[in-house]
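Asks: Each chain, written out:
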Amino acid sequence: MQPSVRPSGCPLPDRRPTMNERSSNLPRIDAEEILEGIREWVAIESPTSSAAGVNAMMDAAQERLKALNLGVERIPGRDGYGDLVKARTPWGGDEPGILVLCHLDTVHPIGTLGRNSFRREGDIVYGPGIYDMKGGAFIALYALQHLIRQGKESRLPVTILYVSEEEVGSPISRAVIEAEAKKAKYVLVTEPAREGGKIVTARKGVARFKMTATGRPAHSGSRHQDGRSAIREIARQILTIEGMTDYERGVTTNCGMVSGGTAVNVVPASCTVEIDARLPDAETAKEVVAAILNLKPHDPDVELVVEGELNRPPFEKSEGISALLEHARRCAAEAGIDLQDLKTGGGSDGNFTAALGVPTLDGLGVDGKGGHTEYEQIYYSSLEPRTKMWVRLYETLA
Amino acid sequence: MADTSNEPKVDAEEILTGIVRWVEIETPSHDGAAVNRLADAIEREFIEVGAKTERIPGRDGFGDVLIAQAPWNGEADGPGIMVLGHMDTVHPHGTIRRLTVRREGDKVFGPGIYDMKGGDYLGFYGLRHLLRQGKRAKLPVTFLFVPEEEVGSPTSRAIIEREGLKAKYVLCMEPGRDGGKVVTGRKGCARFVVKVHGEPAHSGARHEDGRSAIREAARQILDIEAMTDYATGVTTSVGLWGGGTGANVVPEFSTFEVDVRLPDAASAEAVCARIANLKSHDPDVTIEVTGGMNRPAYEKTPAIAALHEHARRLAAEIGIPLDDTFTGGFSDGNFTAALGIPTLDGLGVDGAGAHTEEEHLYYSSLEPRAKLLIRLLETLE
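Protein chains in written order, with this note's numbering: chain A, 1 to 398; chain B, 1001 to 1381.
Keep in mind the hints are simulated off the structure, nothing from the lab.
No farther apart than 20 Å at their CA atoms in a straight line, the calculated lysine to any residue pairs in the SDA-like style are these:
{"#": "1", "chain 1": "B", "residue 1": "K1195", "chain 2": "A", "residue 2": "S259"}
{"#": "2", "chain 1": "A", "residue 1": "K343", "chain 2": "B", "residue 2": "E1208"}
{"#": "3", "chain 1": "B", "residue 1": "K1181", "chain 2": "A", "residue 2": "R223"}
{"#": "4", "chain 1": "B", "residue 1": "K1300", "chain 2": "A", "residue 2": "S222"}
{"#": "5", "chain 1": "B", "residue 1": "K1195", "chain 2": "A", "residue 2": "A263"}
Treat the numbers as computed from the prediction; the structure is a model and nothing was measured.
Make a model of the complete structure from these sequences and hints.
Replies: Put into structure tokens, the structure is as follows:
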């Protein structure tokens, strides 16, 4: 193995190496180097809706993968979304391995970088998408690079998949994610850590619905009694649906968008509401989805149509996931991290893989906060230990 | 005896021919030039019978207001009769190709034929018939044709009120309804915009931190809709509603618009106060209500009742009943009635299907309704 060569343009460590390090010249995990890589990726704005921006990110990621001599495949995007990039270690053959799942799109429109510029203030480093999830995607890659620099291999083959549209629900990549997950023994998702570095071992399922009421229009002055208000019907349905929220059971419903009517003086013939439901487990999901799909109009003269389904299945903490967590806790302890897990309501691509029964750990990315906001940030101090944890996961998962 | 048969008579065929001439000029409210083409046609006919006319130029894209004075107006002093009509229709250009002018039995179809070119023409025809007979009314008679009643008379309201205040009676030629009934009361109308402001949150990760503006709006909407009381004549309708930015965000904002119809001043005050003082159910959500009365209620005063009784006696002589009705839809009659001027509305032609592509009048109503107007002009004093 060649001794590691620092990529040109990367700043040198700001401390003097010790005599021991100088003499050993061994590759080491360098937070400054990691941050510089993250900076390069954050500088490429990649909102989901900009296929060009996402593809520029894919180009940058692909270049790094090729430099590591991984087998790289580019899967063309469609429906206005950017491409996907898939890479596989040259070792390990077809054996079921580790799928590292990342998305390189962000929720931030082009220009957000002008407001939330990349900058470091003490331990905090700001930037759009730095936390969700370019930071996490980068450390997983850096950890693999670290292994390769040392002339080592992971015990299992590693596949890295970068998707282009997670932030809108992975409409084009879901099939690829599921196909790769079925070939994998473990799935590690580089979504951000939360609440002090906790990882995610369960996520709620996400269901989406669109409900449309069709009433009967009438002039609200002269023929009010002939009208059947679609808005009134939807208002009642919304209270029913919102009433299904049960924090104890972990069920939440949200009527996020509503639109109805044509003019103030016409009893409205049409009204539509869009609904988001979060569901903790498969059984609850089945029950609540059925309840929403079976809603009946209060006014028999109003027609009600409900369309929708479970979009992301619940990601439940199975025995396989618990075992994987225990293994990760040991890896983390070696890196000085007391790794805790939690359950969250937000969906991710991990929902797809966990629902297939593949042990999945999520939230393995960097620690920070402010995902989806203009103060999005990571904690510099989390870079090195989280990377070490990744290195140990690659080295030990079998 | 031959020359007695040659006396002018009220002729339904002649009336219909006149109405159709006006219907064939399509006049959507928002096309001022089109409305002015009809104003030209109406003005020509009035000038031909010796009326003095005046045009008040339109503004804001609407057509002109046309005022025509009966030839005898200079001789008879004092407050007179104002005959009120509008020249615009709700129908866009080209409607006449679908809603063709045609007669099927007693029904004659056409855009605006019922609301209200039929009534407009009856007014003119009544004047002409009197003049043909060498007669005149006891009072001065002023005809007022406005260009934009169907959008709420924004430019003509002041003129209607100014001319209305000079009048002793207002005869509004809006269509008869429910079998030829005239209108002696119309509800008032109030309009409100309600803006609801909650707290946004991600519906997955932070649902409990959110305060849904849409949920609060839904509750308020049900409260407002429940104020409808057909027994008292109060109706409320939330006609427009919007809110939210995405299915997965607890919505921060929601806005809806309310149309309220109120039978009298007392109910108007009570209901408007209730809506203006709506309080949020969720203490973390704020609501802001703007709006209020838009058109005052047109209430059946004793003077209006007396005017109706007078008209009913005249109708009986002609051989038709003349019941009155109260309606929720407003007209320019609301403005004059609210000024205290005895106003009788719905004196136009009978028919059905206003504002639809089935709009039609009843041919059989033309002769008796023309006679009724003529008798009103002859007898009111």
